Amino acid sequence: GEVCTMINKKYSEFLPSMQSAEDLVAQVEGLSNNIDLLKAGIENEVQRDLNVAVAEFTELKQQLERDTLVLSVLRKLQEFDTTIKECNSALLEKQYVTAAQQLEKARSNLRSLQSRRGFELKILKALGTELTVQTQNMIYHLGEEWQKLIVWKLPPSKGSSSLEAVVLSELHLHTVPAQDEDTAVPPVAAVLQALAVLGELHSKLKDFGHLLLQYILKPLISHPSLEPVPEEQADVFILRFRSQELALDESSPMEVFDKIKLVFEVLHKYLLNVPLEQPGEGRVTLAELLGELIWEELSDCLIHSCLVNSIPTNSSKLEQYKEVIESTEEFEKALKKMQVLKEDTTALLKYACNVDSHFANKKCQDVIMAARNLMTSEIHNTVKITPDSSIALPELPDPGSGDHVKMPRASSLLHNGRVNLGSEGRLSPFTLCLPACRISCSVQQLLQLAYHTLLEATASTDLCCVQLFDCVRNIFQLFYEVVPTYHRENLQKLPQLAAIHHNNCMYIAHHLLTLGHQFRYRSTSVLSSGAATFVDLVPGFRRLGMECFLAQMRVQKGEILERLSSARNFSNMDDEENYCAANKAIKQVLHQLRRLGMVWQDVLPVNVYCKAMGALLNTALAEIVTRIAALEDISAEDADRLYSLCRIMVEEGPQVFTPLLEEDKNKKYQEEVPVYVQKWMTFKELMIILQANLQEIVDQWADGKGPLAEEFSAAEVKSLIRALFQNTERRAAALAKIK
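Residue 664 in the UniProt record's numbering sits at position 664 of the sequence shown; the count goes up by one each step and never skips.
Everything labelled a hint here was simulated from the structure, so no lab data went into it. All values derive from a computational prediction rather than experimental measurement. Built from N, CA and C at the ideal position, the CB exists for glycine as well. Among the hints, erroneous ones may be present.
[Unchecked claim] Taking lysine to aspartate or glutamate pairs in the DMTMM-like style, the calculated list, with each CA pair at most 25 Å apart, reads:
1. Lys153 to Asp235
2. Lys739 to Asp574
3. Lys587 to Glu637
4. Lys261 to Glu164
5. Lys336 to Glu227
6. Lys61 to Asp81
7. Lys718 to Glu632
8. Lys350 to Asp470
[What the hints assert, rightly or not] Here are the in silico distance ranges between beta carbons for each label pair:
9. Lys493 to His452: 31 to 41 Å
10. Tyr486 to Leu513: 20 to 30 Å
11. Asn607 to Glu562: 24 to 34 Å
12. Lys668 to Ala615: 13 to 23 Å
13. Pro539 to Asn607: 16 to 26 Å
14. Pro539 to Glu577: 25 to 35 Å
15. Glu326 to Gln233: 14 to 24 Å
16. Gln136 to Phe57: 21 to 31 Å
The whole structure should be built from the sequences, with the hints applied where relevant.
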């Protein structure tokens with residue numbers, strides 16, 4: 001009974017809570033329906049109205065932007081129009097500066113219009129044209145004014161700055177301030193300033209500067225008899241010239257400076273002293289602008305046509321040069337005061353003060369010119385030098401004698417081989433010897449020039465000494481640059497010249513070894529420190545000589561191989577035509593070698609000669625061996641004919657060795673041919689094989705210890721046996737023994 005009561009109790013508590021939950025669900029559903037209805041309403045009506053509003057707003061905004069842009073463009077156009085009108089009226093009243101400024105304003109207006117994207121207005125093109133027309137009109141007016149202010153009266157032969165022409169030239173400046181100030185002629189400053197605003201002043205000044213240099217300044221420098229004659233009248237200043245007969249051909253720098261100074265003084269007074277506003281540069285005077293345009297050319301002319309000639313040629317006159325230095329300084333000061341020169345300009349003074357070095361420069365220039373002439377002269381005029389020959393060189397004082405220079409007798413001799421190193425008796429007399437050979441006369445003279453210049457260096461001031469020493473180094477560096485280029489074609493084409501050039505380089509290298517050393521003992525000179533050396537140039541010269549000669553050797557080797565290529569591989573010699581071709585090729589090669597042997601005779605040092613001829617003969621023999629060893633079939637008749645061709649080479653080859661003029665002395669070198677021709681023995685062994693029977697070949701091989709094994713590999717010998725002999729058991733037996 002108790003259980004029943006509990007269930008009832010729980011049930012009665014559960015019912016109402018379930019009831020209230022169901023009520024809640026019903027309420028929620030009702031609410032949800034309302035929300036759906038509202039949402040549909042918003043989507044259908046409110047949203048639509050909103051979209052319309054946003055679209056309208058955006059459109060209005062764009063409209064406003066367009067209108068603002070159009071308005072600003074119209075403003076610019078109106079501004080452009082106004083400035084052009086103001087420019088015109090200013091131009092009529094000859095207010096050039098205002099007119100020019102208005103024109104520039106219009107120009108920047110147009111620029112900002114053109115830079116707008118999306119405004120490709122047709123009108124802009126028209127405005128551009130209008131602006132160009134206005135600018136040209138303005139420039140034309142200013143040009144007219146400029147020509148009224150500055151009038152050149154030039155002789156009919158325009159372009160000539162001869163004395164006669166210059167005497168007839170005049171410069172009129174209508175820039176003299178008038179008595180009554182309010183004249184219609186605008187003052188010079190306005191014209192110049194307007195030109196500056198338009199950016200046209202530079203080209204006008206450039207033309208003026210050009211005429212000034214051509215008809216006034218340069219002639220005053222180059223014609224000593226010319227004098228400027230200034231004359232002031234009421235409304236014009238005139239500069240004329242007169243010429244007086246002079247005793248001297250050259251005027252001193254002092255006189256030239258005075259004349260140039262006078263010209264600048266009058267120009268300064270009547271024209272150049274005008275201050276201007278340069279766009280982008282601030283305030284400048286016309287003098288500064290003109291100075292920038294002409295000073296470089298003017299100072300060059302003053303240096304090269306006036307100061308250079310005043311440089312003394314011997315050291316005794318160097319003292320009197322002080323006067324020139326002082327007047328140069330005065331001249332530069334005066335021009336700086338007139339603002340023609342910037343404060344830091346000192347080109348002229350620097351040049352004048354550097355007289356010591358110019359003195360050396362003059363000397364060096366002469367030396368280099370002489371050297372260049374020697375280098376471009378013919379190589380084939382030669383002189384023979386031998387280890388005991390000597391070339392005429394200055395005598396050098398004894399080491400440590402400390403004796404100051406007595407100018408040496410050029411005839412005194414310095415031995416070519418025995419260079420005095422100040423260490424007598426320690427070296428064999430032939431340690432620094434050149435083998436006998438021929439060199440170009442010009443190269444011998446070049447070395448004499450080098451020795452003489454170094455000798456002069458030791459007698460000069462330190463500065464001069466260093467310059468002359470460098471000059472001698474330059475001679476050799478110049479040789480290195482000039483000779484191979486200038487003579488290139490001949491050095492490639494002519495074997496004899498290549499040989500002489502080789503000797504020249506070796507000769508120079510030989511002297512460079514000791515050249516600086518000989519001057520060490522002149523205790524007073526800068527060269528005595530031992531830093532003055534030429535040794536570093538030696539390898540370069542040896543290489544220069546070698547490379548040129550080796551290039552020639554390559555050409556000759558190429559020709560030998562070319563000739564042998566027509567020998568039909570030395571195959572089928574029993575065919576008469578083939579035999580003739582091979583015979584002809586061998587004769588041509590020998591002819592080529594004979595010719596070379598002659599052109600190099602007495603030119604190349606004997607050891608170089610023998611090596612070179614040996615290498616070329618070797619090329620021919622090696623090629624013949626290669627061709628014959630490669631044959632697959634050699635008949636008995638073939639073998640005989642090949643043997644006779646080889647015999648020609650062996651008999652006549654050595655005879656191409658003729659290094660010396662005296663015939664009987666060449667025998668020795670012809671007998672030594674095997675020393676110089678690497679493949680000589682190989683060639684002789686090949687000839688033996690061509691004549692031998694199987695047994696003789698096996699004997700020559702002697703188990704790989706015989707003379708044949710020295711020259712050929714087992715494979716090569718087997719190949720030759722197979723080519724020479726029929727396939728028999730005896731051949732098989734012989735082949736088995738070659739291993």
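Outcome of the hint check:
no., hint, result
1, Lys153 to Asp235, "17 Å, holds"
2, Lys739 to Asp574, "31 Å, violated"
3, Lys587 to Glu637, "21 Å, holds"
4, Lys261 to Glu164, "23 Å, holds"
5, Lys336 to Glu227, "23 Å, holds"
6, Lys61 to Asp81, "30 Å, violated"
7, Lys718 to Glu632, "11 Å, holds"
8, Lys350 to Asp470, "22 Å, holds"
9, Lys493 to His452: 31 to 41 Å, "34 Å, holds"
10, Tyr486 to Leu513: 20 to 30 Å, "26 Å, holds"
11, Asn607 to Glu562: 24 to 34 Å, "28 Å, holds"
12, Lys668 to Ala615: 13 to 23 Å, "19 Å, holds"
13, Pro539 to Asn607: 16 to 26 Å, "20 Å, holds"
14, Pro539 to Glu577: 25 to 35 Å, "53 Å, violated"
15, Glu326 to Gln233: 14 to 24 Å, "36 Å, violated"
16, Gln136 to Phe57: 21 to 31 Å, "51 Å, violated"
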